[in-house]
Amino acid sequence: MSKTNPTLNQKQKKQKRDKIMVYAIIYSLLALLVIISVVPFWIVLINATRDGVSISTQGITLIPGKSLVENYKILTSNVDVMRGFWNSLKIAILVTVLSGYFSALTAYGFHMYNFKGKNFLFGIILVFMMIPSQLSFLGYVKWMTQLNLMDNHLALIIPSIASIGTVFFLRAYISSSLSKEIIESARIDGAGELYIFHRIALPLMAPGVATMSIFTFIGSWNNYLSARVILSSKANETLPMVISSLKALKIWYQNQGAIYLGFAISIIPIVIVFIFASKYLIENISAGAVKG
Amino acid sequence: MKKLKDKIGYLFISPFFLVFALFSVYPILFTIYLSMTSYKGYGRKTFIGADNFKLIFKDPNVVDAFINTLKIWGVNIFFQIFLALLLVMIFSDIQYKVRGLKFFRVVFYLPNLIAAATIALIFMKLLDKDYGVVNQVLFGIEWIDKPIGWLTKPILAQMSVSGIQTWMWFGNSFILFMASVQAVSKEIFEAARIDGAGRLQILRHITIPSIKPILMYVMVTGLIGGLQLFDIPFLITDGKGFPAGSLNTMIVYIYNMAFVYKNYGYASALSFALFLLILAFTVVFTLATNRVEIKEFFTTRKENKARRKAVAALKGSGKYE
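Residue numbers (this note's numbering), protein chains in the order written: chain Z, 1 to 292; chain P, 1 to 321.
Among these hints, one or two may not hold up.
A few chain Z positions that, by computed beta-carbon distances, are all more than 12 Å from chain P [unchecked claim]:
1. Lys-13
2. Lys-19
3. Tyr-27
4. Asp-80
5. Ile-93
6. Met-112
7. Lys-116
8. Ala-162
9. Asp-189
10. Ser-245
11. Lys-250
12. Ser-278
DEER-style ranges, computed between Cβ atoms [what the hints assert, rightly or not]:
13. P/Ala-21 to Z/Phe-276: 51 to 61 Å
14. P/Glu-293 to Z/Leu-29: 37 to 47 Å
15. P/Ile-8 to Z/Phe-276: 57 to 67 Å
16. P/Ala-192 to Z/Gln-15: 19 to 29 Å
17. P/Phe-79 to Z/Arg-17: 54 to 64 Å
FYI, nobody ran anything at the bench for these hints, they're computed from the structure.
Beta carbons are placed, not taken as given, at the ideal position from N, Cα and C, and that holds for glycine.
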């Protein structure tokens with residue numbers, strides 16, 4: 001008895017050691033992937049605070065520099081980055097609000113009322129969900145020319161009233177979160193239809209609208225192709241357009257710190273949105289996987 | 001009263017359908033019309049029938065763009081799925097309980113949120129031949145003795161774009177896979193382990209079958225996304241698709257055809273062809289993933305028919321009795 005105990009102990013010890021080894025390997029692998037995911041952003045943020053010379057001569061470092069203000073002055077004397085920022089913010093907010101409101105209105109209309117041709121109309125939405133936006137793009141650009149909406153932010157904002165994906169999502173959301181009895185009882189109390197939508201249905205749909213709004217906001221903030229084709233004057237440029245114009249500048253090589261600061265300005269709002277909304281975002285993506 | 005109320009539904013959906021008709025449906029029809037003209041983007045729109053579409057089959061650039069897309073997609077999807085599966089294996093293991101799934105999901109998803117335009121520029125800086133951080137580091141650890149042209153050599157440029165795509169999308173695939181694995185009950189994994197199944201066996205017989213539909217989804221949407229790739233190859237190559245046309249993807253080509261070479265009609269035809277290609281992939285994907293359901297549908301239909309026939313025959317024979 002007393003003889004077997006030490007060997008058993010040794011075996012347990014060895015098992016424990018192996019276990020620690022495996023955990024060490026797993027966590028270092030995960031740490032490596034975290035570094036790979038984050039390091040480009042880290043470099044951007046650090047270099048945004050360093051001066052051009054030290055970036056090109058000393059390579060990367062983990063310590064921030066002291067040239068943030070200087071970099072900002074250099075950047076803004078070359079491009080109007082803040083105007084791009086406000087343009088992008090204005091467009092993204094309007095797109096998000098319009099898309100959220102009108103998608104909720106449409107989804108509610110489809111859910112609550114049994115009008116003629118309802119299934120046919122919803123079928124059309126489903127068919128158009130399959131069609132990639134590229135097919136409409138060239139016609140859309142020429143159509144905007146005819147409507148005199150070229151170089152006008154409205155050309156990027158108005159289409160968000162008809163956000164097919166959001167309507168589709170909210171219709172599914174509404175059927176699980178909104179009971180018709182509540183609406184009926186409000187009707188008996190004599191409330192008008194639009195009043196019911198605004199005061200009862202919309203607040204109940206708010207979580208679903210919020211989830212889709214995050215995606216809409218990020219999509220609009222990041223949009224490059226259609227903004228580049230539609231907008232032409234400097235005053236109307238969006239942030240991705242300003243950022244992409246940086247590489248044609250002299251400071252692209254001479255004052256890298258200022259360039260990195262430009263990148264940082266375009267990244268930071270998204271990172272802030274993400275910090276607050278990551279839970280909803282990821283739950284939403286996961287839910288899609290289980291259903292689909 | 002009830003009917004009147006239902007008619008209000010039209011009021012609710014009318015703003016959507018008004019904008020939808022004006023900004024979605026009409027532009028699509030307009031593109032299709034333009035694809036049958038020799039329109040230059042200005043001036044007259046001369047109707048030329050299917051000539052633009054005939055030209056597509058003779059255009060070597062279209063084939064090149066498609067092959068470029070396949071190369072970029074192939075390498076990207078391989079590493080993306082490899083990483084995502086590895087992570088799923090780690091986080092679904094029974095014996096080793098790895099913590100922090102929520103944290104890692106968030107961090108791995110982060111690259112997906114940044115504007116592709118910004119990402120293109122960031123990597124142009126990092127991968128720059130003479131001043132880029134990557135070459136600086138490789139010099140520092142003495143792995144290389146002359147700078148590597150990550151974005152100037154054709155094959156390296158393609159692989160760099162693949163790498164950027166993998167970096168942007170592996171977190172997304174991981175989240176999708178993990179969600180489908182978590183939908184499988186834990187007991188199945190436990191039971192398999194008690195029965196003595198190894199990790200690879202569990203991967204092959206439980207994990208992969210449970211994520212198979214989503215795996216197909218990731219591959220097909222990745223391919224469709226690859227066909228629509230624009231911001232990164234466009235910006236990295238100053239809009240030309242160079243070096244040596246290796247980053248000339250379909251949308252970059254369509255963009256140049258429409259706005260640089262002023263062949264708007266042909267560009268519209270290319271958009272339509274791209275749409276048909278994407279549609280074909282979508283249909284094949286839907287058929288492949290829903291094979292069982294479709295088969296069931298047809299066999300039940302056949303059975304129903306046979307049953308009806310049998311019933312009819314019985315009734316017929318009944319008459320004779």
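Against the structure, the hints:
Remark: the non-interface label on Z/Lys-13 is consistent with the geometry, its nearest Cβ contact in chain P lying 18 Å away (cut-off 12 Å). With 12 Å as the threshold on Cβ separation, the claim that Z/Lys-19 sits away from chain P is violated: the shortest Cβ distance comes to roughly 8 Å. The Cβ of Z/Tyr-27 does not lie farther than 12 Å from every Cβ of chain P; its closest approach is about 8 Å, which violates its non-interface assignment. Under the 12 Å C-beta cut-off, the non-interface status given to Z/Asp-80 relative to chain P holds; the minimum distance is some 17 Å.
Distance check on Z/Ile-93: its Cβ is at least 16 Å (rounded) from any Cβ of chain P, clearing the 12 Å threshold; non-interface status holds. Not every beta carbon of chain P lies more than 12 Å from that of Z/Met-112, the smallest distance being close to 7 Å; the non-interface claim is violated. A beta-carbon of chain P is positioned within 12 Å of the beta-carbon of Z/Lys-116; the least distance is around 8 Å. Some Cβ of chain P comes within 12 Å of the Cβ of Z/Ala-162; the nearest lies about 4 Å off, and the non-interface call is violated.
For Z/Asp-189, the shortest C-beta to C-beta distance to chain P comes to about 15 Å, beyond the 12 Å cut-off, and the non-interface label holds. Remark: the non-interface label on Z/Ser-245 conflicts with the geometry, its nearest Cβ contact in chain P lying 10 Å away (cut-off 12 Å). Remark: the non-interface label on Z/Lys-250 is consistent with the geometry, its nearest Cβ contact in chain P lying 14 Å away (cut-off 12 Å). With a least CB separation of 5 Å from chain P, Z/Ser-278 falls inside the 12 Å interface cut-off, contrary to its annotation.
At about 36 Å, the beta-carbon gap between P/Ala-21 and Z/Phe-276 misses the expected band of 51 to 61 Å. Roughly 38 Å separates the CB atoms of P/Glu-293 and Z/Leu-29, a value that falls within the hinted 37 to 47 Å. At about 37 Å, the beta-carbon gap between P/Ile-8 and Z/Phe-276 misses the expected band of 57 to 67 Å. The hinted window of 19 to 29 Å between P/Ala-192 and Z/Gln-15 holds, with their beta carbons roughly 21 Å apart.
For P/Phe-79 and Z/Arg-17, the Cβ-Cβ distance of about 33 Å falls outside the hinted range of 54 to 64 Å, so the restraint is violated.
Going through the hint list in order, the structure does not satisfy hints 2, 3, 6, 7, 8, 10, 12, 13, 15, 17.
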